[in-house]
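Trainee: Residues per chain are reported as follows:
Protein chains: 4
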Amino acid sequence: MRALVHRFTLTDPGNVEPLAAALDAGTIAPGRIVAVIGKTPGNGLVNDYTRGYLSQSLALLIAAHTGETVTAVTARVPFIFSGGTEGVLTPHITVFSVVPGDGETGDSRPALAVATAFTGPLEPSDIGRGGQVRATADAVRQAMRQARIERPEDVHFVQVKGPCLTALAISQAHARGVPTAGDSPDKSMAWSRVASAFGVALALGEIDEQHFDESMMLRDFSRYSGVASCSSGVEVAVNEIVLLGNSRHWRGPLRIAHRPMRDALDITGVVDVLEDLGLSPRPQLAADDQRKLAAVFVKCEPDRSGTVRGQPHTMLNDGDMHAQRHIRGAVGALVAGVTGDTRLFVSGGAEHQGPDGGGMIAVIAHRSES
Amino acid sequence: MRALVHRFTLTDPGNVEPLAAALDAGTIAPGRIVAVIGKTPGNGLVNDYTRGYLSQSLALLIAAHTGETVTAVTARVPFIFSGGTEGVLTPHITVFSVVPGDGETGDSRPALAVATAFTGPLEPSDIGRGGQVRATADAVRQAMRQARIERPEDVHFVQVKGPCLTALAISQAHARGVPTAGDSPDKSMAWSRVASAFGVALALGEIDEQHFDESMMLRDFSRYSGVASCSSGVEVAVNEIVLLGNSRHWRGPLRIAHRPMRDALDITGVVDVLEDLGLSPRPQLAADDQRKLAAVFVKCEPDRSGTVRGQPHTMLNDGDMHAQRHIRGAVGALVAGVTGDTRLFVSGGAEHQGPDGGGMIAVIAHRSES
Amino acid sequence: MRALVHRFTLTDPGNVEPLAAALDAGTIAPGRIVAVIGKTPGNGLVNDYTRGYLSQSLALLIAAHTGETVTAVTARVPFIFSGGTEGVLTPHITVFSVVPGDGETGDSRPALAVATAFTGPLEPSDIGRGGQVRATADAVRQAMRQARIERPEDVHFVQVKGPCLTALAISQAHARGVPTAGDSPDKSMAWSRVASAFGVALALGEIDEQHFDESMMLRDFSRYSGVASCSSGVEVAVNEIVLLGNSRHWRGPLRIAHRPMRDALDITGVVDVLEDLGLSPRPQLAADDQRKLAAVFVKCEPDRSGTVRGQPHTMLNDGDMHAQRHIRGAVGALVAGVTGDTRLFVSGGAEHQGPDGGGMIAVIAHRSES
Amino acid sequence: MRALVHRFTLTDPGNVEPLAAALDAGTIAPGRIVAVIGKTPGNGLVNDYTRGYLSQSLALLIAAHTGETVTAVTARVPFIFSGGTEGVLTPHITVFSVVPGDGETGDSRPALAVATAFTGPLEPSDIGRGGQVRATADAVRQAMRQARIERPEDVHFVQVKGPCLTALAISQAHARGVPTAGDSPDKSMAWSRVASAFGVALALGEIDEQHFDESMMLRDFSRYSGVASCSSGVEVAVNEIVLLGNSRHWRGPLRIAHRPMRDALDITGVVDVLEDLGLSPRPQLAADDQRKLAAVFVKCEPDRSGTVRGQPHTMLNDGDMHAQRHIRGAVGALVAGVTGDTRLFVSGGAEHQGPDGGGMIAVIAHRSES
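Protein chains in written order, with our numbering: chain A, 3 to 372; chain B, 3 to 372; chain C, 3 to 372; chain D, 3 to 372.
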């Protein structure tokens, strides 16, 4: 098998012409699309409808090309969008497709592998709690098998999108006597991300299942997954998973690597992951190296201590501009400065996803020697 | 003469305890303070009162120590604050003081020189127009003489703070038949910055006075000052100027350098200015080099083309988060990633201040060899 | 003919279940839907994609029921959405459908009439200028004929939705040497509304065509249409018009009335228009009267003088919360307090639409005696 | 004794000229000022420094007139400011002063009485918990005695301002092992308001002290004070209390009344409280009645159910505009429409202050017959 990765700039979630053109031209086979990950131009918070809008637009487009129903496309292809392109970031999508069959020829080095999985529907009482953790862990294990990745250390990025609760949904749950994780939509988004992150960590053995306990969630930040990137939004009812790694069972010129980001100033983590892939920013990737970049995924968060390297930041006290909008714009610019590329997937809300106050970066690149 | 530069983290504009402690300890002589430049935690837009609040707090503090009246302190010391510490930025002040007399001893290499100047009061009809341009140019020339800097190329940073108009002031001016530059407070802020920038450019010969014409303003972006950094706010009625450069008539371990930033991804400009001063980010300044940093000043703006390096950004279309908040957070994080320091003066609104779509960076550092 | 008006609460632009249920139940015949006007939960500014999202969702739904293509539905049915449900406002749609044929029986009093029209595509050079004014005027005249309303005074509400320009579109136009009305997206939205309003005013004789001159636009605010309600957004390429009035050629229990709102505190205008329709708020409509309300449309704006009744407001100086978000929330709450109903179409940006600093209110209600 | 009430429009917290003029003119005796309550033009959230700025400006002004130190003024006069003048609201202050001695002459009807009190400093561990509740209750009882109001039902408004915690303060407390009420600044503000409200309710017997239990806080919303109006902010370290009521021991033409507001559409509550004072809005107060208004205080909140009168609102899901900004703008406009006056003290965050989802309104007016 061979994984293909195409990026398209899409500024309006209702306008998917660039992908339509690629489908028309045969560059991408619509039936082989297995996942789409992207950044949309909304606020990335509860009332960000750009994620759902782009999902609808893409499902319509793919369905029109494959003859599937829209529902069938949505059930088959995870559309995982993070809103918020603060600062220099560019709204865009990364389309993953899989070409079968040429696994036994050519280059035998490990290549990019991709697999997807879905949990069943999550109830309001599951979201942000043990139910979502366990369902996610099961789905991640299934995706790993599907990707034919044997060792957890060959998994470099697990993107999860899970549901969250609106104010109305929370209020209705409480009226029925159903407790919810988080009493506001914003908190519900955080709990959903946390449950997904613990699910990934359990599946990959980053946290020992026997020692897991719900009381760690949003409390013991020394526990985390180094490869999970979790989002939540009102536009999904199940957890959707896209797992990326390197596998000897896959072919092609693409590889993936990842590094932790220790804090929001960790330019070293950014440089290191690029060097892992044979790319050399001095201080920015030159044009040749930039062309080898296939996709960049970053997870980050405003340090909950209220400081960065001992100096105060104001992100958590700002009543007008959400802390997630602050941090995405900041870390996105740092990574864009090093890569010279603004089509970055930068997602906030990194609770238990990488070191506390930091996060992680994963990069897919073409082999340098190819 | 010797210029001293002290930075203090101040998160609440009403709490100037850290400076008070330095005055009490004798680290800084209150009567020798000549200027204070800083970042406050407001939104950096028209309704940002943190700038005025901090000015009031500092004037009270200095007056209490020198025995001057508050009015006398304010008339003598420019307090130039830019609001908006988006992302990783830290609210702080940089206090400039001047120690007389030791000019003839020791190291004869050029050292940091600082001088200040004020225009007379500007009328609503002057703001953002020729009147403000000419008054600023005169004040900059006066500051240059005062700093004993003979050559314009030895001027590395000219910070200007000028007045702007509120909605009410604009409406009152129009009712009296007085035209204003800009019909909204936001536009008035921009025109004021532009007039200040042209004033600096004329004074330093960056634009030939004979070729200057008001129609260039906010139109011909190929004309700019490479060292101007202009802010505007409702809290001042005159243009206040702080001019920084290197001069053989000054002594001490500090030097200043500057570089243009070609766009919001110009990490090379950041690295270059640090290397100009003998500091080596690889990719970030090591602790030893960080300690040599005395102050960093950055001017930036969202590219008016709606793109960065050919890819769309969303800063200018965002109805909820002002473009200036976007760009400060982005460029601030890039510079903080390279320097490892978040106490940066990063100011948006770089019209005619550095290359279009970019801006400039100026850094004061201790000599590396000292 | 008979005009039917149905309101549905729709909180998520991707979820049109309530209308789907009405179509399934036969309450509304999908092929008879002639227009949908509504409020979506976005910010109502340039980067509000909830309008386009809801349009796409509704077009898909109607197409699925009628067998038309999505393109055919969109070309036939104006979907006019205003984003921004600040404060107590509820996202909702008002669906207009027309039942033919029963014009000659029953009650002979004038009843609600509805008609729609579209201009051709508008170029960037037309938007906010004479081209858009004239095209709108032609379309309004055509809608009036279609509605069989002979006298302009029987027209009570003309909703127009027109295109506007993003930062990128403005920059591209300028690069081609094409001047645009407004140099920012926000300004482009305003100019588009203004051109539409003048188009309505010319068509209805509120402004004499011979005296019209482009220089009046955004300058002479004594010129306005008393019944125009104009929006703009990136999601349309033509002007779409929905015209409402009373006509003896129509039947049914619904009537429409309108009143100017002199300023943002004009509760008297709200009470008067309800009393025009036989409804009595004391101080709020009682449940019986509330049930007679079919739809409420309000246009409003932050007074450009910076004051309301001589006292300052802060809407135009606020860098974090757009003035349109301020005014919609304020005027929406005033009208909701009097009507007891939050499903109000409240739209900001009332330049030349009602008295300067105010706007207008139009109400459709069931006859009180019926 | 006689209570005097003066309102001044103050748009810039650094400009207190209108009050200075009144002091210079002798209209107000600076030493008799006992409290100042007002609205400032900030965002009313954690990072709103306009409250502290105005406090500093007023303390300086009064100290300059009385010869007191600034510290002495601040310790004597509660300055209670609520940020956020959304929509039509006007930044302003209401100055309370007390003239001694003329209690035994003239009109013997109950008149406006005012008293103030302060708690001792509150620790991070007290804020939002039992410690703050009890300290507030004691202070309210003391203020009631000072005001010579015997019966709780003669107390009509108790304004409390209490401290809250920034992100940094929360993080520092947690590092020391000190639990805090609320793990974010926003939540800390809410808990502080709640503790103050329970303190008022206990002091006035609205909740029986024996039945009070901390677990009611932010949980059992059927428990509330009908006259408490509680704010919190980083600018105070103790609870400051201003208590208003009617007392036979006081003289003068002013009276106060209050009514609950059942929800954000409760225009009837607004009309009723005006009629209690002999004022008749039809639908708005006529100019004569407007002149009798001395001050209006409103407390409100976004209904936590996510609905108003059964219809959804979007206030609690909005990631860009804080729910408190939504609700202040909405309820402020409703009250301004009825009174015809925009100088209203409208404060959000009404947890346990009036009916759940609503709040309260208190009005001071001159006797109608006088």
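Misleading hints may appear alongside valid ones.
One copy or any two copies: either way a pair holds, since identical chains are not told apart in the list.
Said to hold, decoys possible - Straight-line distance between alpha carbons at most 20 angstroms, and here's what the computed SDA-like set of lysine to any residue pairs gives:
1) K294 x E208
2) K294 x R311
3) K294 x Q313
4) K294 x G312
5) K294 x D278
Keep in mind the hints are simulated off the structure, nothing from the lab.
Trainee: Enumerate the violated hints, using their earlier numbering and listing them in ascending order.
Mentor: Those not satisfied come down to hint 1.
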